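This is what each chain is made of:
Protein chains: 2
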Amino acid sequence: MATYSFLTRCLRKPTAVFRTSHDACLSHRLFCYAGLISQSSPGVFVLWPMFMRVLNKLGAIVQTKMSSLGAQMLLLPTLGDERIWTKSGRWNDAGQLFKLYDRNGKQYCLQPTHEEEITSLVGSLELSYKDLPLLLYQISNKFRDELRPRYGLIRCREFIMKDMYSFDKCPNSALDTYHSVSDAYSELLSDLRLPYHKVLACAGPIGGHLSHEYHIPSSVGEDILCICQRCGKGYNAELEDGAERIVCTDSSCSHEFQKIRGSEVGHCFLLGRRYSSCFDANYHGLDGKQTLEMGCYGLGLTRLVAVGVEYLSAAAFPDLPNEQISEIRWPQGLAPYRGCVVLQKETAKNAMTAEELNSIFGILADANYDLRFPGDILVDDRPGLSLGRKLVDIRRLGIPWIAILKSSAGSVGPFELIDLHRGRSHAATVHEIRSAFEQPTLFDSSVLPEWDMSNRKATG
Amino acid sequence: MATYSFLTRCLRKPTAVFRTSHDACLSHRLFCYAGLISQSSPGVFVLWPMFMRVLNKLGAIVQTKMSSLGAQMLLLPTLGDERIWTKSGRWNDAGQLFKLYDRNGKQYCLQPTHEEEITSLVGSLELSYKDLPLLLYQISNKFRDELRPRYGLIRCREFIMKDMYSFDKCPNSALDTYHSVSDAYSELLSDLRLPYHKVLACAGPIGGHLSHEYHIPSSVGEDILCICQRCGKGYNAELEDGAERIVCTDSSCSHEFQKIRGSEVGHCFLLGRRYSSCFDANYHGLDGKQTLEMGCYGLGLTRLVAVGVEYLSAAAFPDLPNEQISEIRWPQGLAPYRGCVVLQKETAKNAMTAEELNSIFGILADANYDLRFPGDILVDDRPGLSLGRKLVDIRRLGIPWIAILKSSAGSVGPFELIDLHRGRSHAATVHEIRSAFEQPTLFDSSVLPEWDMSNRKATG
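Chains as they are written, first to last, in the numbering used here: chain V, 78 to 537; chain X, 78 to 537.
Don't read these hints as lab results, they were simulated from the structure.
Fair warning: this is a prediction, and the values are worked out from it, not measured in the lab.
One or more of the hints may lead you astray.
Identical copies look the same in the list; a pair holds intra-copy or inter-copy alike.
Said to hold, decoys possible - Below, simulated DMTMM-like cross-link-like pairs (lysine to aspartate or glutamate); rule was C-alpha separation at most 25 Å, straight line:
#, residue 1, residue 2
1, Lys207, Asp470
2, Lys142, Asp443
3, Lys422, Glu315
4, Lys310, Glu203
5, Lys207, Glu423
6, Lys483, Asp300
7, Lys90, Asp357
8, Lys176, Glu223
9, Lys310, Asp208
10, Lys90, Asp208
11, Lys336, Asp260
12, Lys483, Glu159
If we strip away everything but chain V, and leave its shape as in the complex, we get (with noise of 0.2 Å):
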């Protein structure tokens, strides 16, 4: 498969100018600014071909991390039969339901979570203790008929969303569950590198006993979360009961609580037997018919990217105002390309024949990149424009090494290889800026001489 994707042959057009608007928000500004996503209509997005690159490498993610739990995947309809919503008691009660009609006259709704079709097939499968527990996902479109969808990606109508859930023999068994998959959820979002609070929560329309939310702390988020300063646990401020403060659930805490705005990415549920009493969804235990224990886990993929995004992109730029902020940070792998190599105007004196760039293409392309990935290496080929102009947008992009190639005093290399997280530029043999591309976390980028930028030339 073919490790070089080139600009020139990419659906990339950024928008030179971003109406300012009631839902602007660093995130949505920068996909915009960057040519990622547009808007359909108010709350629902296309997601451009380079944004389908971070997500397809967010979905491979996750996949591996649930299949680590065992969990298997599937795909559950978006139509959800009226049926099912009326016996759980949710048609009337969840009241961002998209519905609509059939020309026979059924009615649906277009699912925004999926308890009750899930629960009504398990319940149908004449399960044995044996098989349990049982973890079914699926990655699918989400539908939500927000009244006021905003911030871009962050609040949509139509969403990407991870929905797992659990089946259980027992309520310690499904606690079990519940534990290894929040763990899952926590291993994620570090590897990821992102900062992220879980929190106790209410449970809320979807039901069940215990409630824990995934946040990432972001200026733009609509909960209020209570952290504790000492040991970072916390709760959803909706749990607060007028006067009642809830405590610190470590108990050796000093239980004082800091409070910050989070935008919710996951959630973890465990609901007991309020789906499977209602659809009888049981199981042939020892001792006979026993009703299922579940818990449902979500993880909301478009709204992680840019809750990711916004958070990472502002941090990296500190000392200035958002609306001046113009490169994404994206969290950790996630990146449309993991590098990418920058070509000098063909007609610069030193451009490099076409001799060599096919001998560094060869050697940057045997290397051990993810084959779920093709095209993994962007090249910016884009003719006629300068390098300085070509790095702005590269830079704009995010993508995290960018290699310049051009040839120096007759010689090939050392080249340019610019290290975008650290902010630093060092000189690198094209061996170096395989390693770079290979292993972005591992690279160790002390190792190179370091480059000085204001005459471009190496100082190491």
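With the hints as your guide, set chain X onto chain V.
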């Protein structure tokens, strides 16, 4: 990533009794029998984990093929704005649109195809002639309010389709693109080892100048095709205009047409300016603004799997009436697992020890299995079941290679390797099993000694 899936951990509940109904057909019955899908409401299905493996494999093949054409994947929304559908004139014409209102009274449809959405997007990009041809595609849920959904995944209300749209600068270049994509479709169907007919078709409500459909011969097909018996070219009978007979397009041919029944799996339309003129979708050419020339290209993924299985499973058992066929035959490369290892009952005399199994699993795993599909070897580890009982289930799933692992006369191997497609059984070492699993299409089973099915001993 894990090479093995263990059957005891897979969701798979075969339907023992299948209700015969008007919408029953071979593929639907086989999918239900094998525990691969289930119905949620008429024409709306849950795709179970094993079916998702099939669909993901087909998706990967399609993506690779589309990338090789230079096409880029994006994701267009399901919720289609009434405004753009009215603009193209299809809001009231496309009879099978699901329509709905949001809470603010704004009306949407669930988009069955995306000509309006993509043309409106591309029109906003101010493309240059240098950006053309541009090919954009997605793989996503599509919706059609079928009056009579039937034949399981063959005619659904909610289904998965790949739709691609091409944008060219002139009619000639658009025709070139049309031919490239048509050729890619032909290759794809050949790669899947499916017999197909590419026929001239009526453009229908989507519009356009030229249209070809891809059909697979099918007894439940809803189209009648007229196929030239000599050159294989043909057309959809819906093109016949009363007494006028359409002649074979190849003038050197005998013009002897045979009428056969087919199920459509793909279509190509040369749209011209049908949509680009509605949406003012232009590009900057050398002579100023020009209107884009479009094509669109659909491939029904869930339908392709179903129609493929419908054809191949019947073809594999020509002497059996449809009702008695119980084994699935998948299109090449789409079986949910590339191979299956069946373990002897643990209590059997010739059961293998845990050490022997571990050593064999180690050798099998050390192969070049496609990393995009973890768990691609199934292990039938169900305890307490006889070998014969297990084999019935695994054969029903249609996994192309089945290896039976048991100790023979105190030594390890040779094992029995069943080649399901050729209906043969051989004695094979673990390394030969690995070769078979690794490259199912290239493996030459003729080099293996034949196995004598009557006494299950190697004869060659």
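Now for the hints, and whether the structure bears them out:
In this assembly of identical chains, lysine 207 and aspartate 470 lie within 25 Å of each other by CA distance solely across copies; the values are 19 Å between and 56 Å within a copy. In this assembly of identical chains, lysine 142 and aspartate 443 lie within 25 Å of each other by CA distance solely across copies; the values are 22 Å between and 28 Å within a copy. Within a single copy, lysine 422 and glutamate 315 get their C-alpha atoms no closer than 57 Å, and across copies no closer than 55 Å, so neither meets the 25 Å cut-off. Neither within a single protomer nor between protomers do lysine 310 and glutamate 203 lie at most 25 Å apart by alpha-carbon distance, with minima of 40 Å and 50 Å respectively.
With identical chains, the CA atoms of lysine 207 and glutamate 423 are at most 25 Å apart between copies only, with a shortest distance of 17 Å across copies and 66 Å within one. In this assembly of identical chains, lysine 483 and aspartate 300 lie within 25 Å of each other by CA distance neither inside one copy nor across copies; the values are 50 Å within and 59 Å between. In this homomeric assembly, lysine 90 and aspartate 357 come within 25 Å of each other (Cα to Cα) only across copies, at 18 Å, whereas the closest approach inside a single copy is 53 Å. When the C-alpha separation of lysine 176 and glutamate 223 is checked against a cutoff of 25 Å, the pair qualifies both within a copy, at 13 Å, and between copies, at 18 Å.
With identical chains, the CA atoms of lysine 310 and aspartate 208 are never at most 25 Å apart, being 35 Å at best within one copy and 52 Å at best between copies. Only between protomers do lysine 90 and aspartate 208 lie at most 25 Å apart by alpha-carbon distance; the minimum there is 11 Å, versus 51 Å within a single protomer. Taking the shortest alpha-carbon separations for lysine 336 and aspartate 260, only the intra-copy value of 24 Å comes in at or below 25 Å, while the best inter-copy value is 61 Å. With identical chains, the CA atoms of lysine 483 and glutamate 159 are never at most 25 Å apart, being 63 Å at best within one copy and 51 Å at best between copies.
Hints 3, 4, 6, 9, 12, counting from the list given before, are not met by this structure.
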